[in-house]
Amino acid sequence: MSNRVEIQTVWQKMMGVDRRVIYVIVALVMIIPIIFPFDLPIRVSERTTQALFDAVEKFPKEHNAMLISADLSPQDQPELYPMLVSLLRHSFHRRIKVLAMCLYANSLGLAEQAFNQVVSEFNNRATTDEERIIYGRDYVFLGWKPPPIVPILGLGENIFDVFPKDFYGNDLNLQPMMTNIKSYRDMDMIASIAANSLPITYVAYAQARYGIKVTAGVTAVSVADFYPYLDSGQLTGMIEGMKGAAEYEKLVQEKFSDQERRMACEGMSAQSTTHIAIILMVILGNVCYFMQRRHENRRGV
Amino acid sequence: MKRNLPLYLLFIFAIWGGISVFVGKESVHEIDNLLRNKLLLIVGAFAIILGLGSLIFHHMVKIRNKSRYWQYSYVTLVSLFISSFIGLFGGVRGEKSLPTIFGGLVLLAHDGQVYAFQNEAEMGQFKASPDKFVDPARAVMPLPSNVEAPLSRYAASSLRDEIELRASNARRNGIQFEMISPVTGKPVPFKKDFRIHIQQLFEGILVPCGSTMFAMLAFYMCSAAYRAFRMRNLHAGVLLVSAFIVMLGQIPLATAYIPGVYELRQWILDVPNMASKRGIMIGVGLGAVATSFKIIFGIERAWLGGDE
Amino acid sequence: MNIATEFWTWNAAILTIAIFSFLWRDNPLYRIAEHLYIGVANGYSITLTYFNVVVPMMIDPLVNAGKMVKQDGFSTAVLNPFNDANFFIILPMMVGALYITRFIPKISWMVRIPIGLTMGYYTAISIPASFEAGILRQLEASIVTRAQLAEFWPGFWTIVILLSTLATLIYFFFSTEQKGVLRPISNFGILMVMIGFGASFGLTVMARISLAIGRFIFLFKDWLGVVS
Amino acid sequence: MTLHTIRTGSTGRVWRAIMSGIVCLLAVCMPCAPHAIGQDQQTSQTDAAPEPITEPVAGDDAVPAEPAPVPTVPPGATLPVVVAMDVPSDTGNAISIRWPHDVSQAKPDAYILEMQTPDGLWKQVTRTVLTSYQVSGVPNFTQFHFRVKALYGEASMTSDIAGPIEARDHWFRTGKMPIVVAIAVFVLILVMFINAARRGVELFVRRISGLNAVEDAIGRATEMGKPVLYIPGTSSIEDVATLASLNILGEVVRRTVHYDVKIICPNRDPIVYTIAREIVRETYASEGRPDAFDPNSVFFLVPDQFAYAAGVDGIMVRQKPATIFFMGMFWAEALVMSETGAATGAVQIAGTDTPAQLPFFITSCDYTLIGEELYAASAYLSREPLLLGTLKAQDYGKLIFMICMVVFSILAIVFNWDLSPYLLVK
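Chains as they are written, first to last, in the working numbering: chain G, 1 to 301; chain P, 1001 to 1308; chain R, 2001 to 2228; chain E, 3001 to 3426.
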């Protein structure tokens, strides 16, 4: 008899366990693999990461300009920053001309940091001027213009109206690569790297009006919302959160065999352990729930 | 008048906004752009005054009434005033009248020369394309020929050592902007570079706070998963199972060793997820349209408040 | 162990811990961090608005127009809103100033004017956008064509998607009681919705964990330096 | 019961409207369809066989004519025929140019498109391997000439000159026709239901459980003597969800005034704050309790997303509201707030149209309005006939789209008529 009471309290106790116990477990599960990381196999998703990779691979010779709308904020940096970096690496490897802009002011610092990082990676390896990545020839950083709808629509008409000067205050039309790039019509793709629905804004405005391809690098949160757009062909490929970024890093590194830091891959071991922990917790929660219910049923009978 | 004038104005602006989408005339677009990009922004800027007034009033009342935890209201008010003072008078990057970049000039060593700039913005121009935009008339000076005026502070120590020291400091402190030293090839900021312009406050206070708030989601999510993911009924069960499979599909280990997980996850995303999201989107689209029409036609007047 | 010496790193680390401490319970450290955060965030947004809206859109045009009038005398050019220097922007400024009337009880109703025209414009442009991206595009995408049926399984699933979309829409149909034949259909619809939400939840887990990992990497690597 | 209610009310009219709506949709979309699907600006058009032109047209002063190095041009190479036209029904400043290539002929390495400005100078527009291009940024109503050079290694052949052609802006953008039709149909239904409501026809709306809970939740706050916290979303006024939320706020405040419960409403957007404050103040006034309105109850917090969440969390743990409403547009901060609210033991009712945040509200809140239930809420709560009329219109609009989905699919499968491109907006 006393035994039964004991069991009941165990299940009930487990079900009503203090949140803080869960928090501590989660913290441990996250911290330990950060201090002692391990390697993991990565499988590339075909419709999302691979599709985007292929789209960049198949960039037409003419029209080989891409607009990167880098709208990452410090909060989503762990997911979006590696995407931006590997997308930049890929486009620079393919010698695609990159125009970058931010729709929010607090993205400027991170976007600039990503450029500096990738450009110095390339320039440290480069032996000839052709191999170097040179500002104005290979990329320009347009900077920021609020509110978002202004550059999104304005770039379809004339880039120079929206951004007469680039982020560094240079006249934009003096940049060598801008002689052939006037609006969306001279670009092949927009890559919108954002934590919110901005890629959809690009679809709704830039694509609807000017018919340009749009692709997205998004946090894993919004991935499910973007699937309808992926299916309807409005989005050409997509990078899904840290996992997608790790996949893209892998694709780019395998294709071009560079040895740079793979930032998304570093976090993947802690990712896996935490996922497993959550899954175990869900199972445990349900086992407790069912045991408790069975117990109650039995007592009820 | 008090109710109708705002309603008429709303209607007129709505008609304009709606029509300008369908009209291809250049002149219409120019006016529309002006309205959207300038005039409405100017109008909206005044609302911020109201907002700030409300915030300050809220905390003043708290302090006056000595409500619970009133002392903390001082933290908000003081930090609000200090940060807006720094921002308004120092500029976003500390380039305005308030000299919020302590430490003076910014140095850039390039091609065996060291250039001095008044601020980072100026340096940015140089950095953008060094071969083109160096304006010798600006404060650009090759060294060591005329070190005297702006760089005299550094006369004491050898400039080269100074640069190297700063480079190592900067590396450790993770200072972002690049100043390339010809000696080390490393970033070269100031040694005693204590910048408190608003961008620094942003990076030093807002970013860590914001990312930590965001990161707390991981904990909340785990606790929600543990407490709420119970197979109470069919709906909860379906939610649980689908979340479970998708989570498994996210783990490289699981997709590599458990056959079918990846395919199942993909199926969930492609079929039921897509169908339901599509349904929700169509519904939400129509709901939004209906709400917009309600407001434009003056059927929904909650925003006007009650009588008067 | 290679602990950071930089002021801002310490500052960030302390704030990080202060906010994480809220998970344990509300405490003075969190309260300070929260109030500081709110204050500085407001200060930051004031600065941004000032330098992005107030200076370039209000002060500069007026000052420039004043200079122009002083130099060349008055001309209609300074009233043209398309010019960089113009007095026309006084008009929207006056409309915006009506927000302030809220503090004057007698004419406080005038605050509805700027609200009304802002709402009017934005609600109106949202209508075509909702139809286009939210409705017509999705409608177009859900139509099953003969080409999609060429292969059995993909074709089968497209039909399933179509039927499930219909079921979801029927669940959100408010005009009829969900009974009779509609009941199982709407139940099926809500099941699909729940699977979709499960998928969203499952996908989000990864994103949130990434963020927490980002913070811990900061604490252990950049601040304490225990990880190389 | 319900279909029946409508049938006895204005059913005939409704169904006629729906049918005519579908017919309209089909009929009006057809003629404008070419605009909707045509003009693939980058696709090469290879069907039209261009006529061979043997002699290259001589250039003029700006670009000297190339001495034709005939031997290097591969035999059978044909000159492109250039077709230039104004881009139809656009906003102007663009001219579309095509020079179809005959697939059976030798393909040049590249084409150079040149444009003659009104002052007579020729300048290169682009060098491309495609056979079409859209010149943008040209002034409207100015005449231009175009020609194309086909490059074969060192050699080149220059086409006939096309033009004069001018770019124009058009009054109506026919590519937007599907939206116009959709709006027309929707407004038609809307007007019919509003009229029905005005005539006093009883409009049935089924139970929405999340909204039935509102009353009980506020009642609970009364019993506990604790405040009600209302979060009007974290977006700006441009989001329709925010407007929907503000409409619900009015209904919630009406009930709190009635029960004499304190309301707390922190805001993230200054304009939303202004409106929310007006709504609360006026609702107090219209319920006959203007004195009870506390100006400090609706306040502006901070525009930063997570600072707002931090502030709201603080309010939750310190003021311990009995009931919390989350209505409107939310992003990631949704769970931060709703989990904290759940930990304080408050009853939580959430409603958002953001699919990404809905699962979190479902797991951490007691009741959740999913998607468009948020938009239905103000009509449902107020029971005002006109609002219910729009809710009905929304429903029947949905019905039309559902019928379209099925009919179009059947047409596409059975008769192979794919009408889906007519729905696309250009």
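To be clear, the hints were calculated from the coordinates, so they are not data collected in a lab. Please read all numbers here as calculations on a predicted model, not as lab measurements. Certain hints may be false.
[To be verified] Within a straight-line C-alpha distance of at most 25 Å, the following computed SDA-like cross-link-like pairs (lysine to any residue) qualify:
no.	chain 1	residue 1	chain 2	residue 2
1	P	Lys1002	R	Phe2218
2	G	Lys145	P	Pro1259
3	G	Lys250	R	Pro2105
4	G	Lys61	E	Ala3110
[Stated by the list, open to error] Restraint-style ranges between C-beta atoms, simulated for each label pair:
no.	chain 1	residue 1	chain 2	residue 2	range
5	R	Pro2184	P	Gln1266	25 to 31 Å
6	R	Phe2007	G	Leu284	39 to 45 Å
7	R	Val2227	E	Gly3153	55 to 61 Å
Beta carbons: idealized from backbone N, C-alpha and C, even for Gly.
Outcome of the hint check:
1. Lys1002(P) with Phe2218(R): violated (56 Å)
2. Lys145(G) with Pro1259(P): Distance ~48 Å between Lys145(G) and Pro1259(P) Cα, so the pair is violated.
3. Lys250(G) with Pro2105(R): Status violated; Cα separation ~64 Å.
4. Lys61(G) with Ala3110(E): Holds - the C-alpha atoms of Ala3110(E) and Lys61(G) are around 11 Å apart, at most 25 Å.
5. Pro2184(R) with Gln1266(P): 25 to 31 Å: Given about 27 Å between the Cβ atoms, the range holds.
6. Phe2007(R) with Leu284(G): 39 to 45 Å: Since Phe2007(R) and Leu284(G) have Cβ atoms about 44 Å apart, the given range 39 to 45 Å holds.
7. Val2227(R) with Gly3153(E): 55 to 61 Å: holds (59 Å)
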